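There are 2 protein chains.
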Amino acid sequence: MRYSQLIGRTQKEAPKDEVSNNARLLTRAGYIHKEMAGVYAFLPLGFRVLTKLIHIIREEMVAIGGQEVNLGSLQIPELWQKTGRWDDSVIDVWFKTHLHSGTEIGLATTHEEPLSQIMTQFISSYKDLPLYAFQFQLKFRNELRSKSGLLRTREFIMKDLYSFCKNEKELDEFYEKALHAYHRIFERAGIGKSTYLTFASGGAFSKYSHEFQTVCDAGEDTVYLNETKKIAINKEVYNAEVLNELGMAKDDFKECKAIEVGNIFKLGTKYSIPLNLYYSDSEGNKQPVVMGSYGIGPGRLLATIVETHHDENGIIWPKNLAPHKIHLIGLNLEDENTKKRVAFIYEKFETSGFDVLFDDREDITAGQKFADADLIGIPFRVTVSKRTGDKLELKLRNSETTELMDLDTLTSKMVLEHV
Amino acid sequence: MRYSQLIGRTQKEAPKDEVSNNARLLTRAGYIHKEMAGVYAFLPLGFRVLTKLIHIIREEMVAIGGQEVNLGSLQIPELWQKTGRWDDSVIDVWFKTHLHSGTEIGLATTHEEPLSQIMTQFISSYKDLPLYAFQFQLKFRNELRSKSGLLRTREFIMKDLYSFCKNEKELDEFYEKALHAYHRIFERAGIGKSTYLTFASGGAFSKYSHEFQTVCDAGEDTVYLNETKKIAINKEVYNAEVLNELGMAKDDFKECKAIEVGNIFKLGTKYSIPLNLYYSDSEGNKQPVVMGSYGIGPGRLLATIVETHHDENGIIWPKNLAPHKIHLIGLNLEDENTKKRVAFIYEKFETSGFDVLFDDREDITAGQKFADADLIGIPFRVTVSKRTGDKLELKLRNSETTELMDLDTLTSKMVLEHV
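Protein chains in written order, with the numbering used here: chain F, 1 to 419; chain W, 1 to 419.
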């Protein structure tokens with residue numbers, strides 16, 4: 001991609017009303033554009049990173065048996081009235097609207113009710129279970145405040161998986177699998193080390209739910225952390241009882257801020273009973289399906305990576321998530337030979353399968369191009385100029401040193417780096 | 001995929017309120033589930049086909065220089081007031097809702113306004129143009145009636161590309177490219193032969209827009225068709241003037257019903273002027289950006305394929321769009337040897353990279369399995385039973401004959417078929 005043709009150039013200043021690091025950096029670097037408070041457009045660079053995250057999450061969900069579906073955003077009241085969740089006092093982030101007929105409908109904040117309803121059609125016997133359905137679908141939440149950039153928005157893509165099991169044992173087994181899949185996702189997203197399995201409040205069915213909390217000052221949540229055991233406790237359930245159950249003491253934990261990047265929840269029969277989702281067991285007895293839900297917002301995950309992977313100059317993407325693999329900078333483009341050489345290198349990279357962002361701008365200083373590269377945060381910066389002669393200058397985004405090498409050496413190095 | 005574990009089994013009867021062939025067949029075959037009038041969930045089979053269509057469209061949009069973005073669904077009134085499109089009397093399919101603050105917002109029916117607004121930030125000079133942005137994003141339309149299944153829904157994914165050019169000449173050149181890309185898309189979607197470039201009403205900027213109309217009795221549009229020249233005229237502009245311009249006569253056209261599967265539109269400066277989207281030309285003069293828009297709804301496209309590719313027994317998918325490549329049927333599964341053999345064949349196909357739907361159900365008759373295979377419409381049906389011995393029985397969905405062959409012969413045949 002030639003930078004001169006890219007939709008989404010860098011900006012010197014972030015909009016004044018953006019206070020979060022993720023929104024400031026992603027806006028300045030040309031990844032996103034704020035359309036209103038809590039609603040962001042993904043520009044090409046941002047959409048590329050989002051797509052890579054979605055791909056990772058999808059792979060892990062398919063690996064544990066998830067089947068991908070896609071439900072509607074528009075919701076009829078009847079289903080939510082059955083579970084008592086239509087009322088704005090129960091779900092206070094509903095957006096509601098009307099059909100021309102006057103019928104009130106809602107914009108999905110979550111999908112337990114409609115999916116359970118669909119499953120009543122396909123689940124009747126114990127032979128039909130277990131089943132796991134997931135989707136990447138828009139959620140709408142009428143948040144009172146949206147000041148944290150992509151961390152809390154009024155509209156966002158969410159991966160939500162729902163498990164449908166015969167009994168608690170089957171649920172427990174899948175829950176454990178999902179938990180490991182979540183760890184793999186955060187590992188692959190570059191936040192494995194800073195993300196903790198966290199005890200959080202449960203519900204009627206289970207004492208606790210589990211959140212995945214990434215330690216970060218920008219987080220809205222307060223958690224108590226034990227680094228040795230790699231677990232945390234959400235402030236909401238941080239009490240003598242939970243400490244006692246874990247066989248640990250207050251001194252074992254330190255308080256810190258964290259971002260909830262995922263949560264998994266044993267729903268039990270909370271939705272299956274009111275929505276009439278039953279099956280016949282092997283003895284022919286009618287039993288309610290035992291459910292679980294498992295959520296990750298790829299947009300919030302992207303923002304969390306930016307919050308934990310940046311310096312004063314810009315974003316520092318993990319190699320597998322960067323929008324492009326190589327940021328190629330051409331300098332001294334007024335010199336015909338240099339211009340030809342960098343165009344040749346660009347072609348060479350592209351035909352070798354390296355995905356390149358090529359800063360081909362002619363009216364921009366070297367300093368500005370390097371600053372933009374730091375802001376955008378692609379791992380490998382390659383410079384071609386009069387000075388580099390028949391070599392290329394390589395600089396890693398997370399290092400200060402530069403290195404001159406020929407094209408073949410660089411190509412081999414990139415291949416070895418699994419780029 | 002084992003059919004016994006698939007979310008979305010076949011149903012004997014379609015819901016009584018479904019009158020369209022696409023909704024009846026797709027529901028009965030387990031591709032979709034109606035959530036409310038005009039809102040459908042895609043089940044795993046349906047989602048797979050939708051994904052393949054999206055992939056084709058994305059490839060063709062990237063090939064003509066499109067950059068993928070993703071805008072918000074929630075819309076602020078200000079932008080639409082500038083172009084005069086906020087009023088329900090102008091766009092009569094708006095869904096509108098409110099923030100907690102009381103501010104009225106809308107659900108996107110289309111995205112000219114917000115994208116033009118975004119582009120004001122990135123377009124200032126003639127050097128920035130042309131640019132082409134596209135997305136696959138939800139559109140919401142408060143349709144009065146939704147009786148045509150996936151052909152007209154209240155919520156749907158739409159691919160919308162917008163072109164931003166310096167002048168009419170540049171727009172015309174891109175418009176021509178987009179037109180050819182659209183032909184390729186419909187060709188790859190298996191409806192190339194029945195889809196006609198159609199003259200439709202234009203606007204202030206151009207006399208005509210172009211629709212792509214697929215001839216089909218289920219269509220809501222009436223068009224006048226010339227098969228030799230492969231063009232059509234929408235009823236709305238079928239008059240002496242257009243016939244005269246085309247140098248053709250009334251007798252050259254025959255009336256038929258058609259489904260609008262795509263449209264391309266020269267917008268000119270209709271949105272750029274009110275939204276202040278200008279650039280400086282090479283002489284430093286301020287000029288309005290000249291726009292075009294190019295839409296395809298993958299869900300409607302899917303429905304159109306079903307409407308034009310089915311018989312009385314079910315769907316007949318084009319090979320490249322079927323949810324799975326092979327429908328493998330195991331019969332006589334009470335016989336341990338046959339059960340082992342079909343499981344072996346299933347493994348063999350999967351490890352060879354053939355994507356298989358394996359009907360492994362033990363309590364279903366052969367007749368029912370064959371009927372389900374016809375309904376689901378996967379091109380290659382392979383049966384393993386006691387009777388087939390060490391051979392496999394192959395039947396194509398669009399043929400009546402069956403053929404016995406060994407696994408290697410079948411595999412080679414599939415490879416040759418580019419499956």
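Treat the hints with caution; some may be incorrect.
You can't tell identical chains apart in this list, so a pair holds if it fits in one copy or across any two.
What the hints assert, rightly or not - Once the Cα atoms are required to be at most 30 angstroms apart in a straight line, the calculated DSSO-like pairs of lysine-lysine come out as:
{"no.": "1", "residue 1": "K339", "residue 2": "K127"}
{"no.": "2", "residue 1": "K339", "residue 2": "K166"}
{"no.": "3", "residue 1": "K235", "residue 2": "K369"}
{"no.": "4", "residue 1": "K52", "residue 2": "K177"}
{"no.": "5", "residue 1": "K340", "residue 2": "K177"}
{"no.": "6", "residue 1": "K369", "residue 2": "K286"}
{"no.": "7", "residue 1": "K319", "residue 2": "K82"}
{"no.": "8", "residue 1": "K96", "residue 2": "K147"}
{"no.": "9", "residue 1": "K348", "residue 2": "K395"}
{"no.": "10", "residue 1": "K139", "residue 2": "K82"}
{"no.": "11", "residue 1": "K235", "residue 2": "K177"}
{"no.": "12", "residue 1": "K286", "residue 2": "K12"}
{"no.": "13", "residue 1": "K325", "residue 2": "K52"}
{"no.": "14", "residue 1": "K12", "residue 2": "K166"}
{"no.": "15", "residue 1": "K230", "residue 2": "K82"}
{"no.": "16", "residue 1": "K147", "residue 2": "K82"}
{"no.": "17", "residue 1": "K52", "residue 2": "K139"}
{"no.": "18", "residue 1": "K82", "residue 2": "K16"}
{"no.": "19", "residue 1": "K340", "residue 2": "K82"}
{"no.": "20", "residue 1": "K413", "residue 2": "K250"}
{"no.": "21", "residue 1": "K96", "residue 2": "K139"}
{"no.": "22", "residue 1": "K96", "residue 2": "K82"}
{"no.": "23", "residue 1": "K325", "residue 2": "K250"}
{"no.": "24", "residue 1": "K340", "residue 2": "K127"}
Calculated from the structure, these hints are not laboratory results. In this text the structure is predicted, and so the values were computed from the model without any measurement.
Going down the list of hints, with the structure as the test:
no. : hint          : in the structure
1   : K339 <-> K127 : between (66 angstroms within a copy, 18 angstroms between copies)
2   : K339 <-> K166 : between (66 angstroms within a copy, 26 angstroms between copies)
3   : K235 <-> K369 : neither (45 angstroms within a copy, 55 angstroms between copies)
4   : K52 <-> K177  : both (22 angstroms within a copy, 29 angstroms between copies)
5   : K340 <-> K177 : between (53 angstroms within a copy, 28 angstroms between copies)
6   : K369 <-> K286 : between (67 angstroms within a copy, 28 angstroms between copies)
7   : K319 <-> K82  : neither (47 angstroms within a copy, 43 angstroms between copies)
8   : K96 <-> K147  : both (23 angstroms within a copy, 23 angstroms between copies)
9   : K348 <-> K395 : within (19 angstroms within a copy, 47 angstroms between copies)
10  : K139 <-> K82  : both (21 angstroms within a copy, 28 angstroms between copies)
11  : K235 <-> K177 : within (26 angstroms within a copy, 58 angstroms between copies)
12  : K286 <-> K12  : between (64 angstroms within a copy, 24 angstroms between copies)
13  : K325 <-> K52  : both (12 angstroms within a copy, 26 angstroms between copies)
14  : K12 <-> K166  : between (57 angstroms within a copy, 26 angstroms between copies)
15  : K230 <-> K82  : neither (40 angstroms within a copy, 54 angstroms between copies)
16  : K147 <-> K82  : between (34 angstroms within a copy, 27 angstroms between copies)
17  : K52 <-> K139  : both (20 angstroms within a copy, 24 angstroms between copies)
18  : K82 <-> K16   : between (45 angstroms within a copy, 24 angstroms between copies)
19  : K340 <-> K82  : neither (68 angstroms within a copy, 46 angstroms between copies)
20  : K413 <-> K250 : neither (48 angstroms within a copy, 68 angstroms between copies)
21  : K96 <-> K139  : both (13 angstroms within a copy, 16 angstroms between copies)
22  : K96 <-> K82   : both (17 angstroms within a copy, 25 angstroms between copies)
23  : K325 <-> K250 : neither (45 angstroms within a copy, 58 angstroms between copies)
24  : K340 <-> K127 : between (66 angstroms within a copy, 20 angstroms between copies)
The structure fails to meet hints 3, 7, 15, 19, 20 and 23 from the earlier list, while all remaining hints are met.
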